[in-house]
Amino acid sequence: MYSRFVKRYACAIFGLAKEEGVVDVINEELLGLTSIDNIKGWSSIMDRHDVTFAQKKRWIEEIFGKAGIHVFVKNLLFMLAEKRRVFLLPSIAEEYKRLLIEARGGINVFVTVPDADTIREVERPLKEIVWLATKRDPVVRYVVDPSIIGGLVLKLDGRVYDYSVAGHLESVRMVLVESVLRFRREVL
Numbered sequence: 002m003y004s005r006f007v008k009r010y011a012c013a014i015f016g017l018a019k020e021e022g023v024v025d026v027i028n029e030e031l032l033g034l035t036s037i038d039n040i041k042g043w044s045s046i047m048d049r050h051d052v053t054f055a056q057k058k059r060w061i062e063e064i065f066g067k068a069g070i071h072v073f074v075k076n077l078l079f080m081l082a083e084k085r086r087v088f089l090l091p092s093i094a095e096e097y098k099r100l101l102i103e104a105r106g107g108i109n110v111f112v113t114v115p116d117a118d119t120i121r122e123v124e125r126p127l128k129e130i131v132w133l134a135t136k137r138d139p140v141v142r143y144v145v146d147p148s149i150i151g152g153l154v155l156k157l158d159g160r161v162y163d164y165s166v167a168g169h170l171e172s173v174r175m176v177l178v179e180s181v182l183r184f185r186r187e188v189l
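The numbering used here numbers the first residue of the sequence shown as 2 and each following residue consecutively.
To be clear, the hints were calculated from the coordinates, so they are not data collected in a lab.
Backbone N, C-alpha and C fix where the C-beta goes; we use that ideal spot for every residue, glycine too.
One or more of the hints may lead you astray.
Derived DEER-like restraints, expressed as beta-carbon distance ranges [what the hints assert, rightly or not]: (1) S36 to E179: 44 to 50 Å; (2) D138 to E63: 48 to 54 Å; (3) K84 to V173: 43 to 49 Å.
With the hints as extra help, turn the sequences into a complete structure.
Below, the structure written as structure tokens:
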């Protein structure tokens, strides 16, 4: 539901940052803010209905004004606070990072593996394969999820390629269920 807002905010701030030549500065500040967002309660306080926008604006000025945060980021915070959407900040930072990587000719690759050892095994060949397939430099982010049992799940350009043991087991289960249902229809 909020993905359109995330994309809109990220595209807007990326466009401004690109015009001013400060894309890396904005990226670093957004990443820094996402770590602040993890501080318990910060976004929930900023998204409260009973706190006026004037109070929120004053808090943002006090907290981030002294830190010398870029005016684009500060204005984004003002807008998010006014609309009670500060909770979108981590997603906006992630989308901004994606736009930055793509603007530099790269491609985002998300890989889910069952353990850290698998990362070491697949890192180099995976980058080579993605580069050969796309002719773009891959920026790979790994997530360890033991529930996939083995193999990996690759997300590339919005498509998911499931080469996990759990994925194959699920496929087999679906075929078996379909066979049983077909058999029941034929017999009954």
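Here is how each hint holds up against the structure:
1. The hint said 44 to 50 Å for the Cβ distance between S36 and E179, and at roughly 47 Å that hint holds.
2. Take D138 and E63: their Cβ atoms lie about 41 Å apart, and the range 48 to 54 Å is violated.
3. Our hint of 43 to 49 Å for K84 and V173 holds, since their Cβ atoms are close to 47 Å apart.
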